[in-house]
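Participant: Heads up, the sequence shown is in numbering that gives the first Met the number 0, so the first residue is 0 and it goes up one at a time.
Don't read these hints as lab results, they were simulated from the structure. Mixed in with the good hints, there may be bad ones.
[As the list claims (entries may be wrong)] In silico EDC-like pairs for lysine to aspartate or glutamate, Cα to Cα no more than 20 Å straight-line: (1) Lys66 <-> Glu134; (2) Lys39 <-> Asp93; (3) Lys39 <-> Glu83; (4) Lys145 <-> Glu129; (5) Lys66 <-> Glu84; (6) Lys103 <-> Asp46; (7) Lys103 <-> Glu134; (8) Lys39 <-> Glu114; (9) Lys121 <-> Asp46; (10) Lys145 <-> Asp15.
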Amino acid sequence: MTGTSNTQATLKVTTDAWEALFRAQVAVMRQITTMPEFAKLSLREYDVLFNLRHAPENETRLVDLNKHLLISQPSLSRMITRLEERGLVSRCTDPTDQRASRLKLTEAGLSMQQEIGRAHVKQLHLLLGEAMSEEEFIELQRLSTKLHNAVE
0 MTGTSNTQAT LKVTTDAWEA LFRAQVAVMR QITTMPEFAK LSLREYDVLF NLRHAPENET
60 RLVDLNKHLL ISQPSLSRMI TRLEERGLVS RCTDPTDQRA SRLKLTEAGL SMQQEIGRAH
120 VKQLHLLLGE AMSEEEFIEL QRLSTKLHNA VE
């Protein structure tokens, strides 16, 4: 199953596969958003903390963070202001570009991201762990990464 073919997929096969992947994600996200941990932060706010957590030194420019999110830049700026008011992120001027902002995950933000993240991965495993074999999950990761790289 790990072999590749040079034959381009048909329109129907491409669309059907995308729809199946999208529907699977919607079903999982509906379950995840009911977790009590997401009463503390919205899923989009958690996504911001998650992406900051995985940035070098838990810090990145606003414009670079926005590349990883499904949210407009003005909406992200408003969200960052709310997260800043809660003490979860801090904002400062980028020393290399005075027009840009740098965002940093605070200790409180890191703690909240880790707390929700631990519950999140456990819930994902409960929801999905028996759906496929380990080899199938590895193949799904490989294929998903291949799709991501093709789009990027």
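Participant: Under the constraints set out in the numbered hints, which ones does this structure not fulfil?
Facilitator: Hints 1, 2, 4, 5 and 7 are the ones this structure does not satisfy, whereas the remaining hints hold.
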